[in-house]
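Student: So you can see what is in the structure, the chains are spelled out below.
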Amino acid sequence: MKPGPAAAAVRVHRAICQLWQRASDAGSTAVASDLDKMRSAADQLRGQLKQLPQHLAETTDVDGRNKLRHDLRTPVNQVLGYCELVAEETEDAGDTRWLAALEAIESDTRALLRQIDQVGMTIVRDSDAPVPRPPPSGGWAALSRPHPAATSEGPSGTILVVDDNRQNRELLERRLRRDGFAVETAEHGVQALVLARTRRVDVVLLDIMMPVMDGYQTLEQLKGDASLRHLPVIMLSSLDEPQSISRCIERGAEDHLPKPFDPVLLRARIGASLDRKRVRDLERAYLDRIVAEKRRADDLLHGVIPIGVALSAERDLGRLLQRVLEEARRFCGADGGVLFLRKDDQLERVLLQCDSVDLSDTNPEDEGAPQAFDLHGDEGHRRPAAEAAAGRTITLDDTRGASPLDMSDARAFDRRHGYVTRSLLALPLRAVDGEVVGVLELWNATRASDGEAVPFDRAMIDVLQSLSSLAGAALASYRRETDLRQRIRHLEIRVDEANRRRDVSQITETDYFRKLRDMAREIRATTTPSTDG
Amino acid sequence: MAKIISIHSFRGGTGKSNTTANLAAYLASKGQRVGVIDTDIQSPGLHVLFALDPSEVDKALNDFLWGRCSIEQAAYDVTSRLGAAVDGKVFLIPSSLRTGEITRVLRDGYDVSLLHDGLRGLVEELALDTLLVDTHPGLNEETLLSIAVSDALIVILRPDQQDYQGTSVTVEVARSLEVPRILLVVNKTPASFDHDDVRRRVAEAYDCEVATVLPHSEELMTLASAGVFIMRHPGLPLAALYRQLGDQLL
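Chains as they are written, first to last, in this note's numbering: chain A, 1 to 533; chain B, 534 to 783.
No wet-lab data here; the hints were simulated from the structure.
One thing to keep in mind: the hints can contain errors.
Unchecked claim - Some but not every residue of chain A turned toward chain B, in silico, with C-beta under 8 Å:
(1) Val309
(2) Ser312
(3) Glu314
(4) Leu317
(5) Tyr478
(6) Leu491
(7) Ile493
(8) Arg494
(9) Ile507
(10) Arg517
(11) Arg521
(12) Arg524
As the list claims (entries may be wrong) - Pairwise CB distance ranges, derived in the manner of DEER restraints:
(13) Arg315/A <-> Asp620/B: 45 to 55 Å
(14) Asp727/B <-> Arg315/A: 15 to 25 Å
(15) Asp620/B <-> Thr510/A: 15 to 25 Å
(16) Pro723/B <-> Val291/A: 32 to 42 Å
(17) Asp650/B <-> Thr510/A: 22 to 32 Å
(18) Pro767/B <-> His302/A: 51 to 61 Å
(19) Gly546/B <-> Val291/A: 50 to 60 Å
For clarity, every value in this text was computed on a predicted model and none was experimentally measured.
Backbone N, C-alpha and C define an ideal beta-carbon position, used for all residues, glycine too.
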């Protein structure tokens, strides 16, 4: 008869104690400390196994027996986990004194685990299964090489470990940190959900059997939340029944890891989940971009183009300017703005609007700002509008930050109205030939969905640039038309003298014409001019 | 001696036929016997204003000049069709039923003095006080011919059309033909213009007398296309301006 699990547990406990003593004597405090944790796990297991017959007698249902096995596996897995960890750590440090003893303990504990797996399944009797061979010498070391990327480039992801057992959490956390991951830990599902919502998390390692909120419920909550749904979840469980695994996969778990963890498997599955998450994140980013592009196209089609048509049809300059500024502000939720028109080397402010200080269609002159400034003079130098007049689009997320631009106009406006100009966008208004005919300056963009103050983003700028080119074309054509009307009002008769002489001589210097003239002369000489009437 | 007056514009659409019809009616209202030579009977113009259907027309000036018909057959009395009673008379004389026939006649050996004699014959036969020649736009040989035998030339231009160059060529050619009197009529002048300013600028640009500056309005266009304006709407300001123009030719 082979010894039963209780006897095997006693043997493992004894081996751990002996090794702990050796480490303590040798002054290897770190190793001794880990062995102490293994010893208490083995001690707990020994106690549980002592009471096992009584518990088995009391528990006859499947769930109860599953729970029984789960409780037994927990300390066994801890012993195994520390065993591997200490072996890896000491070997990495070049200390091979403990390897043989650790391998022996690991081998015995695995044999014990197989016996426990059978607990409650049939009548407990001594297993005649052969003791498995421990991993070949040096095997752990070979497997335990940390992820190269992890060590050289810092944490390659943040793993949220959810397990009610403190020692399990510690063990996993140590292993994962060793592999180069950042780690967050939670004792139960509720805490895990809070962390997932508030911290950066890339993968969740989720235990199934937990108090407060178990793994299934936590998984359901995670997958039911649109903002968390994309997080990969790897279920941790001693319950390696195919049913429980498929139950988790059906509910959206990414993968499954049986306890005790194989370090290589753990790394591989976490790595695969992270890779998938990266692809999914990329996909989401592309989708967001597609949605943004679609919005931009819709804005153009349903917003900018009809406005462009309306602007071209506007015959009143005042209303045209007002619409340009209003529509531009509407597209980015800008609180205020100024419209400038270019006159030769001057930029003239013609219109100012600002909702939150209740200024609509204000003549900028009333605002104390100079009506116009010279683009090439000192006063125009480095003003955002002057830069835009040179054909550049100027974007500032916060005008109060350091900037090489001259913000004195914004500062003066802010002082005057107790206002705060944060984001600013200055765009050139171009005619079809590319000539800058004016400048549109907008302040304090807001997000359409919630009215939150935001910087001018790429999508807004794209749409506003399209609007600006239409507004520029409308302004240029208006200007051409008024110029023409002006010219007509003061009738300008232009006759090209050289062409006139050429055209006249083409008619008069012909034989026909000379003959005609001579005859006309002759007739008039003989006819008395009319005197009657 | 009756006066021969050619009315010309470098481009179409200046209101040349309308001006001619109104002048003719005004002179007739002053008791004159007026002949109007229509150089373009094929297209809607003078005969429409005088309510003369082209199907009623079968003889033209050429037929008279060639002795193929009497003047009574080539001249159509439209006095009763002016829209109001007048003391004088208005005769419409189609120049030719086919465009360019006068020119062909000229090339065939019919010379300027012959045309002049012919027109004088027409004047005498109809006992005309004034003969108005409504010319083709542009400066073709036919037009030059009628300008050459005229005592006066009225050149009509629009200020809103860029035909300044063509008008200046016409004026210069007329000077070269030593036409005794050249008058400019600025027609269809937009309301936005200062008419005195337009008169001054036009006179300056062509170094030529401006007889009148006539306004443009959609309302007038509609009224003017239905008959002779001064007969139908004698009370409107435009009628007074036509009369003023006519007075300068009396």
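Student: With a cut-off of 8 Å, does the beta carbon of Arg521/A approach a beta carbon of chain B closely enough for the hint to hold?
Tutor: The hint holds - Arg521/A has a Cβ within 8 Å of chain B, the shortest such distance being about 6 Å.
Student: Against chain B, run the beta carbon of Glu314/A and see if the smallest gap drops under 8 Å.
Tutor: It is violated, given that the least Cβ distance between Glu314/A and chain B is near 20 Å, above 8 Å.
Student: Hint check: is the beta carbon of Leu491/A less than 8 Å from a beta carbon of chain B?
Tutor: Because about 5 Å separates Leu491/A from the closest Cβ in chain B, which is inside the 8 Å limit, the hint holds.
Student: How about Ile507/A: closest beta carbon in chain B under 8 Å, or not?
Tutor: Holds. Min distance 5 Å.
Student: Holds or violated: 15 to 25 Å for the Cβ distance of Asp727/B and Arg315/A?
Tutor: holds, 22 Å
Student: Hint check: is the beta carbon of Leu317/A less than 8 Å from a beta carbon of chain B?
Tutor: violated, 17 Å
Student: Quick one: are Asp620/B and Thr510/A within 15 to 25 Å, going by C-beta?
Tutor: Roughly 44 Å apart at Cβ, these two residues miss the hinted range, so it is violated.
Student: Going by Cβ atoms only, is Ile493/A closer than 8 Å to chain B?
Tutor: With a minimum Cβ separation of about 4 Å from chain B (threshold 8 Å), the hint on Ile493/A holds.
Student: Is it true that Pro723/B and Val291/A lie within 32 to 42 Å of each other by Cβ?
Tutor: Once the Cβ atoms are compared, 54 Å apart, the range 32 to 42 Å for Val291/A and Pro723/B is violated.
Student: Is the distance from the Cβ of Pro767/B to the Cβ of His302/A consistent with 51 to 61 Å?
Tutor: holds, 58 Å
Student: Given Arg494/A as an interface hint, is the shortest Cβ-Cβ distance to chain B below 8 Å?
Tutor: holds, 6 Å
Student: Once the shortest beta carbon distance from Arg517/A to chain B is found, is it less than 8 Å?
Tutor: holds, 6 Å
In this structure, the earlier hints numbered 1, 2, 3, 4, 5, 15, 16 are contradicted, and the remaining ones agree with it.
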